[in-house]
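In the order they appear, the protein sequences are chains A and B.
Just so we're aligned, residue 10 is where the first sequence starts under my numbering, counting upward by one.
Just so we're aligned, residue 409 is where the second sequence starts under my numbering, counting upward by one.
Because the hints were derived from the structure by calculation, they are not lab data.
In this text, a Cβ means the ideal position worked out from N, Cα and C, and glycines have one as well.
Check each hint, because a few of them may be wrong.
Residues of chain B placed beyond 12 Å of chain A at every Cβ, according to the derived structure [as the list claims (entries may be wrong)]:
| hint | residue |
| --- | --- |
| 1 | Gly565 |
| 2 | Gly566 |
| 3 | Trp573 |
| 4 | Leu576 |
| 5 | Pro607 |
| 6 | Gly622 |
| 7 | Ala695 |
| 8 | Val797 |
| 9 | Pro838 |
| 10 | Leu886 |
| 11 | Pro924 |
Here are a few chain B residues that sit away from chain A, every Cβ distance over 10 Å (derived from the structure) [to be verified]:
| hint | residue |
| --- | --- |
| 12 | Arg451 |
| 13 | Trp706 |
| 14 | Leu818 |
| 15 | Ala846 |
| 16 | Leu890 |
Ranges of calculated distance between the beta carbons of each label pair, as one might list FRET restraints [unchecked claim]:
| hint | chain 1 | residue 1 | chain 2 | residue 2 | range |
| --- | --- | --- | --- | --- | --- |
| 17 | B | Leu487 | A | Asp89 | 31 to 41 Å |
| 18 | B | Val936 | A | Thr60 | 55 to 65 Å |
| 19 | B | Thr702 | A | Leu58 | 38 to 48 Å |
| 20 | B | Ala817 | A | Leu58 | 49 to 59 Å |
| 21 | B | Leu940 | A | Arg51 | 30 to 40 Å |
| 22 | B | Ala877 | A | Arg51 | 21 to 31 Å |
| 23 | B | Thr609 | A | Thr198 | 22 to 32 Å |
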Amino acid sequence: MIIVTSFIRQSVAGLRALLVLTVVLGLLYPALVWGVGQAVGRSQAAGSLVTVDGAVVGSSLIGQEWKGEKWFHSRPSAGDYTGDVSGGSNLGHGPDLDAAVAERAKQAGIPVQGSPADALTASASGLDPHVTPENAAQQVARVSAARGLPASDVQRLVDEHTQGRTLGFLGEPRVNVLQLNLALQGLTTAATG
Amino acid sequence: MSDTLSGLLTIGVLVVALVVVHVPLGNWMAKVFTDERHWRPERVFYRLSRVDASSEQGWRSYSVAVLAFSAVSIVVLFLLIALQGVLPLARGAAMHLDTALNTAVSFVTNTNWQSYAGESGVSPVVQTLGLTVQNFVSAAVGLSVAVALVRGLARSGGATIGNFWVDLVRSVVRVLLPIAVVGAVLLLLGGVISNLAEPTTITTVSGGQQVIQGGLVASQEAIKELGTNGGGYFNANSAHPFENPNALTNLLEIFLILVIPFSLPRTYGVLVGDRRQGFAVAGLMAALWGIMLTVITWSEVHSAAGPLGSLEGKEVRFGPWASSLFAASTTGTSTGAVNSLHESYSALGGGGALFSMLLGEISPGGVGTGLYGALLIAILTVFISGLMVGRTPEILGKSIGRREITLTALALLVMPALVLVFTGIGLVLPNVRAQMLASGPHGLTEVMYAYASASNNNGSAFAGFSADAPYTNLTLALCMLLGRFVTIALVLALAGSLVAQRRRPATSGTLPTHSPTFVGLLVGISLVVSGLTFFPALALGPLAEALA
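Working from the sequences, and respecting the hints, build out all of it.
See the structure below:
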């Protein structure tokens, strides 16, 4: 009985404590971080958005789906880069994954053997903005043929957009597909214009 | 630079950072929980919430306060989620009631298992007022309980183990909040978003449509890692580029996950007046973390040499090394955040993540939970060693009698009992089998992973398992509740039993609990206990898959 009354009394105290903590941790703390972001990191806080002629065309952090021969393609995605959902295939190593990979290879028109692993595997987020430099290099011939550009020019563009490891050792070498394709479009305009 | 060198350097930088920071942070936490004075904002808090901060509590009052606060938290969070549709900024977010109950229990127990997808399941109001708040206070509860157990060992012949409300508030005000603010700002500068925008549809360069998400993510992300919570703002968790955009934020997030659990042994050493005791516990945690990291990394890097690599379920910017480092750290700390999909790991990589949880979250374990879990193993170890050499088992001058070893053994048995019983029941139920994505050994691992994650209050998942159904939502919630609060009640009872004893001086017959030999015993006992308990189940799951 003493335990029960004690539990009730402590619950009432706990409710009041939770309300005060909610004001501090649920309102003031996020507001403080938001405010700092507005002062010193507005672009990052907004999502590192990329604009062309004043219109937002994407985020440099979020991968996009690129259809057609003339663009560099992103990795396969379990969510088709729609952005309203995120996640991966969750397939473990085994026949189901092998079948999915064969299907992706057919869709992309590339062989299973000899293609870079990231070209045939879906990322964890379904929004991976990067491909490996090997993946990009393998797409150079297709893209340059479709655009009528010299392959060497397109490969140079890939090289320029290859980011090395951060600080020389952190993470992996990678190519941001959105930025590469925007530069590619600029190159095409310059060549034809 | 080769992948191997890059991966080893990354681990090296992380370890150096932890070694450097654990001393001041560990000392600071020891000071926080022994300080006689309240800070001014804390006094305002005690006045506003009218809790009694003036007197210490015995283990019963302390337990009642912990349970009452957690019960109220569950009710409030459940109501917030259930009523989110009528609250502002709902934006169509909705959950079934069983999912809402699962989520409320999940965030209050520091599990952060998510049966919902962040993009569609919860409104921004629930994310900040509900989930962010619980990320702080559930971690503070774990920290408080750990400190109460340490007081039981440190004090001699007392009746009280501290005041829960003071421990709770100081954990938030003096430990979690300052680090979270710094961490959130650094994450934000690294690219983690923090805005009030609605999801916006844009037209892409190639003419497609894409939704760009918004949200106050940076503030939630920092405490999600620091409090070893792990519930993602988005479904893809720390694999989502808006939660974890690059290699630097990734390293920072792993650091935030590990920093408090690896600093607490120092706090323990300072509080019991013998820092060597802290080194021994840190040695146990570091050894287990190192072993699991090696197993997972080796398996993932090894499978990357195959024709398909190991990039299914991994991001290009992280690759196998930084993904494995995150996986070992998140499963060893009861965090459960992921930057890659554990279900798509190789058999031994995913099995390693599972075993990392089954060790009982002591490598190095969650905020507070890791320390009290490791101390339970230490008590079990002195008991077994005492039996072997025929001496009265004792730790820090407190004898481990019938009551102490009973409480310890029960506390250590709660989690294995929940995992094995509920996995077994799940596997014979047709509805649960229908929720599996995989079949065969990998399907068994899916179900076992889910109940191991819930019972250990971890929260990571083999996410192919469609857990969002009434039976699994409710049984997983039950595992989270029992795994958390039965253990806490037993730990606090143990603290009460230990604090009443006078500390006896060490004699020549006392087994030293700080020597390298003792660390070896700790590692051996923890591996043997979990190995014996789970080997038959693991043999049917990850081991069968690896040998196939």
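Verification of the hints:
| no. | hint | verdict |
| --- | --- | --- |
| 1 | Gly565 | 25 Å, holds |
| 2 | Gly566 | 20 Å, holds |
| 3 | Trp573 | 7 Å, violated |
| 4 | Leu576 | 7 Å, violated |
| 5 | Pro607 | 7 Å, violated |
| 6 | Gly622 | 7 Å, violated |
| 7 | Ala695 | 26 Å, holds |
| 8 | Val797 | 41 Å, holds |
| 9 | Pro838 | 21 Å, holds |
| 10 | Leu886 | 20 Å, holds |
| 11 | Pro924 | 32 Å, holds |
| 12 | Arg451 | 12 Å, holds |
| 13 | Trp706 | 15 Å, holds |
| 14 | Leu818 | 20 Å, holds |
| 15 | Ala846 | 5 Å, violated |
| 16 | Leu890 | 18 Å, holds |
| 17 | B:Leu487 with A:Asp89: 31 to 41 Å | 36 Å, holds |
| 18 | B:Val936 with A:Thr60: 55 to 65 Å | 60 Å, holds |
| 19 | B:Thr702 with A:Leu58: 38 to 48 Å | 41 Å, holds |
| 20 | B:Ala817 with A:Leu58: 49 to 59 Å | 57 Å, holds |
| 21 | B:Leu940 with A:Arg51: 30 to 40 Å | 56 Å, violated |
| 22 | B:Ala877 with A:Arg51: 21 to 31 Å | 43 Å, violated |
| 23 | B:Thr609 with A:Thr198: 22 to 32 Å | 26 Å, holds |
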